[in-house]
Amino acid sequence: MILKAERLSAGYARIQVLKAIDLEVKKGEIVCLVGANGAGKSTLLKVLSGVIPPTAGAFTFDGRDVTGRKPNQLVRMGLSHVPEGRQIFGSLTVKQNLFLGAYVNPAKKERLDDLLESVFGLFPKLKERLAQKAGTMSGGEQQMLAIGRGLMSQPKLLLLDEPSLGLAPLVVEAILSTIGELRSRGISILLVEQNVNAALHISDRAYVLETGRIVLQGEAKDLLENEEVKRCYLGM
Amino acid sequence: MSDISHLVQFLFSGITVGSVYALIAVSLVIVYKVSQLICFAQGEFFVFGALTMTTLVSKGVPVPLAFFLSIIIAMALGALIQQVLIRPMKNTSVGALIVMTIAISLALRGLALLIWGRESHVLPPFSRGEPIQVLGAALQLQILWIVGITTVVLFLIWFFFEKTPAGIAMRACAENPYGASLMGINTQKTTLVAWAWGSGIGALAGMAVAPMLFTQYTSGIMPMVKGFIAMSIGGLGSIVGSVIAGLLLGLVESYTIGLISSKFSDTIVFALLMAVLVFRPNGLFSRS
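One line per chain: the protein sequences are A and B, in this order.
Going left to right, the first sequence walks through residues 25 to 260 as the numbering used here numbers them.
Going left to right, the second sequence walks through residues -9 to 278 as the numbering used here numbers them.
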């Protein structure tokens, strides 16, 4: 088990966004979070990466209780969050962005170069753009950079928030197929994706979130056949 | 003196004053980049740097040691102010924060009055020796120190922000604090370091010119204003822009004083600022 959340609750000011979430990600799994806008998916990822402290409940990462840890501690342990909207540093070069991904694990120069090479293995385009300012790249390239940057800390678990948002269909396909590639590199993935059909096809399991509660969970292939999921999220 | 030697003399004084404006502008930019805040107390660091070093040297501390001690004291003071007074206000408006930095400026000015009194203090030059004659103009050795220190500081800043992980992390924090925190960058620590840098550079400006000025507790006001003008002309967040603007201001002032009259130097500088704000509100060197 790489991640296990028990009765996790969180919110902003007096608004409770997450209500007693139980969730697991096993090693090597791709787990998908499905839900409408405002269901609490992004908030859940922010709690798991330490950006927002939970108001109740607990979660373990890699067997250790990490409730209340800060992002810098969690990144160092191997939990990397690729946030919604990419949040790359547009005024910095692609290379500087990637190096910042490895900020908490100051590696030797050769090791950094190895890490860069492994990112280029997934996204060859980034190699051509190394010296370019990140803000001048296309949306798809920026998303590749955001994922690549997230990989530079050598994560065991990657939290991916809406990686295909606002991208052209071909680019979406490319991004989603690399997610499968990441699993084969031994990285577990918790994925939030508005393209539910595609997401369920690459996931092992999924949770359906409605107004801060998990209302349905199971194997991804079973959820693809579930009548309610079909009606609400697959538009069938 | 010939006409040429006059023009060269004005060039020297322009570069001297311009270097000071450039340093103060850079110190403002560094704080501005991480805190989105113009720290109006920067002129007081100028005074504290100059007067701390003057006191240390007059007590017999060797000049190099006094130099580094004064910088470290100013950096510590800046970090302390950020930690104790600015940090607790992080969820308030920028307006409130600016008022806070004005209050800090006044408090530091009062503190300087208590410590050093109303008198003016002069620091001996960093090195002794006759001025060098260049085309009939006298180049004082302290000017070489000022230009040298400014060059070294600007190179270090460039190196820090372009080449070191800590510097790049600081830029990341300034641009996108949320994204930076996800990289595991400690945004509070980074802000603290930026304030320490800013205060140290402000102090350095005061120390470098202290042998050429009579420094007293109010001496930081005009350098702060001019540094701020340089920062505005240079485009608020741009280090390169504010350095060029600082030097430009110094030269404009010096030639105005020399060729027209000292009465007009401030008028022309402020007119320049107004013209830039009207015609290039994002600064002279911004691309947009």
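Check the hints yourself; a few may be wrong.
Stated by the list, open to error - With a cut-off of at most 25 angstroms between alpha-carbon atoms, the simulated BS3-like pairs for lysine-lysine come out as follows:
id, chain 1, residue 1, chain 2, residue 2
1, A, Lys119, A, Lys51
2, B, Lys153, A, Lys157
3, A, Lys149, B, Lys153
4, A, Lys157, A, Lys180
5, B, Lys153, A, Lys133
6, B, Lys153, A, Lys151
If you are wondering where the hints come from, they were derived from the structure by calculation, not from laboratory data.
Going down the list of hints, with the structure as the test:
no. : hint                 : verdict
1   : Lys119/A to Lys51/A  : violated (30 angstroms)
2   : Lys153/B to Lys157/A : holds (15 angstroms)
3   : Lys149/A to Lys153/B : holds (24 angstroms)
4   : Lys157/A to Lys180/A : violated (29 angstroms)
5   : Lys153/B to Lys133/A : holds (13 angstroms)
6   : Lys153/B to Lys151/A : holds (19 angstroms)
When the structure is compared with the earlier hints, violations turn up for hints 1 and 4 and for no others.
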